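*Asks:* Residue strings, one per chain:
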Amino acid sequence: MTCSDDGSGAPASLAVQLRQQSPVAAPIVSVQVLKGGLATNTTDPVNGDANASPLVALNGSSGSYNVFVDKSDAGTESYELMVQCKTGSNGSGADTGTAISGTSTGTPIPALPPSVVAGLVASLLALAGFSAWRRSP
Amino acid sequence: MRGVFALAVAAVVLAGGASAHTQLGSLGAAASATDSYQVTCSDDGSGPPKTLLLQVQDTTSASAPLVGVEGHRASQNSNSVDATSGDSNPSPLVYVNGGSGVFDVLVYKTGAGADSYTLTYHCYTGVNGTGIHTGTAIVRGQNQ
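So the protein lines, in turn, are chains S and E.
For the first sequence, numbering that gives the first Met the number 0 begins at 0 and goes up steadily by one.
For the second sequence, numbering that gives the first Met the number 0 begins at 0 and goes up steadily by one.
One chain only, chain S, in its complex shape (with noise of 0.2 Å):
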């Protein structure tokens, strides 16, 4: 993930979400952020329902983070990631730039179509198609 300026203000944190989806499996989903020996984590704890898990910020400002998807247990899983740079700390602020790209899954990540941020549809094990929405600010 890069947080950049795209006009909206200078980005201070990284708002991090997610939401497991179908199958309905016994793993539970994970998302780590990391910059810079600054971390934070976040965990849908129940597989399939409608809530995702709590929304988490880290005060990275601007540049590169790394985003890690994990689960607990062997199965595969689905998921969505939702990721927003933002102006203020602890996710606080406008929506500022944000972009994302993929390493270890295999599949790279689609280019985001030109609106604001940001979710990803994924699947944890299969690893395979990836495919991108956004979210309007």
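No lab work stands behind these hints, which were simulated from the structure alone.
Predicted, not measured: the structure shown is a model, and the values here were computed from it.
Treat each hint with caution, since some may be false.
[Stated by the list, open to error] Residues from chain S shown here face chain E by an in silico Cβ test under 8 Å; the list is partial: (1) 29; (2) 31; (3) 33; (4) 39; (5) 53; (6) 65; (7) 67; (8) 72.
The C-beta atom is built at its ideal place from N, Cα and C for all residues, glycine as well.
We have chain S; now place chain E onto it with these hints.
*Replies:* For chain E alone, coordinates are given in the frame of chain S:
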């Protein structure tokens, strides 16, 4: 099969008391509490490193959230979660084939509630946790 055997051997070695490379830690009550470390794999004369082995054991009572570890270097990641809090069994042993250099290691938990853990980390000369033990050093980053 050879890889499975080698990993099993490594697990035995780890279980056999390579305690110099264990890190005790705790996570605060906030669900987002995360500890970060940097583990450096280097050639201590045993050979250049190919992989970092990781394992975590949740040492708090069974009512506590689960504890996991995530290892990362370049585009290589792996994670492992201790499925049962407070018992004598650690999480599955996992590895990150990152070569020599600095690995980011995060310890996290799956919900609110304070937790304690023991992190085990070892650099090995072979991929997928094979080979022999080589230079391993850790520095704590964030402590939540």
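*Asks:* All hints, please: hold or fail.
*Replies:* Now for the hints, and whether the structure bears them out:
With 8 Å as the threshold, the beta carbon of residue 29/S comes within range of chain E, its nearest partner Cβ sitting at about 6 Å, so the hint holds. Given the 8 Å rule on beta carbons, the hint for residue 31/S holds: about 5 Å separates it from the nearest Cβ of chain E. Proximity of residue 33/S to chain E holds as hinted, the smallest CB-CB distance being about 6 Å (cut-off 8 Å). Annotation: interface hint on residue 39/S holds; nearest CB of chain E at approximately 5 Å, less than 8 Å.
Interface restraint check: residue 53/S against chain E, minimum CB-CB distance 6 Å, threshold 8 Å, status holds. The interface hint given for residue 65/S holds, since its Cβ lies 6 Å from the closest Cβ of chain E, which is under the 8 Å cut-off. A hinted interface residue such as residue 67/S counts as satisfied when its beta carbon comes closer than 8 Å to some beta carbon of chain E; here the least separation is about 5 Å, so the hint holds. Satisfaction of the interface hint for residue 72/S is found here, the shortest Cβ-Cβ separation to chain E being roughly 6 Å, below the 8 Å cut-off.
In terms of the numbered hints stated before, the structure departs from none.
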